[in-house]
Amino acid sequence: AQSVTQPDIHITVSEGASLELRCNYSYGATPYLFWYVQSPGQGLQLLLKYFSGDTLVQGIKGFEAEFKRSQSSFNLRKPSVHWSDAAEYFCAVGLNSGNTPLVFGKGTRLSVIA
Amino acid sequence: DAGVIQSPRHEVTEMGQEVTLRCKPISGHDYLFWYRQTMMRGLELLIYFNNNVPIDDSGMPEDRFSAKMPNASFSTLKIQPSEPRDSAVYFCASTLDREETQYFGPGTRLLVL
Numbered sequence: 001a002q003s004v005t006q007p008d009i010h011i012t013v014s015e016g017a018s019l020e021l022r023c024n025y026s027y028g029a030t031p032y033l034f035w036y037v038q039s040p041g042q043g044l045q046l047l048l049k050y051f052s053g054d055t056l057v058q059g060i061k062g063f064e065a066e067f068k069r070s071q072s073s074f075n076l077r078k079p080s081v082h083w084s085d086a087a088e089y090f091c092a093v094g095l096n097s098g099n100t101p102l103v104f105g106k107g108t109r110l111s112v113i114a
Numbered sequence: 001d002a003g004v005i006q007s008p009r010h011e012v013t014e015m016g017q018e019v020t021l022r023c024k025p026i027s028g029h030d031y032l033f034w035y036r037q038t039m040m041r042g043l044e045l046l047i048y049f050n051n052n053v054p055i056d057d058s059g060m061p062e063d064r065f066s067a068k069m070p071n072a073s074f075s076t077l078k079i080q081p082s083e084p085r086d087s088a089v090y091f092c093a094s095t096l097d098r099e100e101t102q103y104f105g106p107g108t109r110l111l112v113l
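Each protein sequence line maps, in turn, to chains X and V. Number 96 in our numbering belongs to position 96 of the first sequence; there are no gaps in the numbering. Number 84 in our numbering belongs to position 84 of the second sequence; there are no gaps in the numbering.
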């Protein structure tokens, strides 16, 4: 069965600092990988996704993620964090593209300090 | 497009009462998913539909939960009777078969006292 691990429950970074959120997945084949962001009281917004091809994918709001098959990882990065990035971030894996259920990690809560 | 619409946004009820959550998917989408988010278990799939037909309901916790999709533009998730452990945020998401992304609604925050 698929599973997703986000090792960090809570991360605090200073505004302007770089950010890396970790995600490891367990799945036999190459999965479909997603990062979603959830602001307080809001739904989930897709940041980026990986299906195939270039292992470094660019997303919205200046985020990027790199797929590393050898490490079963799909870490999310941002070179310079803004206060508005404070939110909960979820990594998810799917068997197929959008039309199969997603398995989510437990999430990483990001706090940004001045 | 208005996006996925869920109602109500917040629901407070007493144990034993019936609760009905509603979802309107994005027009034209043929897949609809219900997820539940709790502190203990995170985000989990409850059930999903394709062309109004339930495909997988293995995530539905027990018989107290039921979901329907009478037409392409409306789905309900019903809990009867509700229990305090059902307190959670319930999300609805929709997508097209050829799409690569599930679009989530704002969620319904349910509190069962």
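To be clear, the hints were calculated from the coordinates, so they are not data collected in a lab. Ideal Cβ placement from N, Cα and C applies to all residues, glycine included. The reader is advised that the hints may include incorrect statements.
As the list claims (entries may be wrong) - Derived Cβ-Cβ restraints for the label pairs, each shown as a range:
id, chain 1, residue 1, chain 2, residue 2, range
1, X, Ala114, V, Gly28, 19 to 29 Å
2, X, Ala114, V, Thr20, 43 to 53 Å
3, X, Ser18, V, Pro70, 28 to 38 Å
4, V, Glu83, X, Ile9, 42 to 52 Å
5, X, Gln2, V, Pro61, 16 to 26 Å
task = Find the hints from earlier in the document that the structure breaks and name them by number, from lowest to highest.
result = Hints 1, 3 and 4 are the ones this structure does not satisfy, whereas the remaining hints hold.
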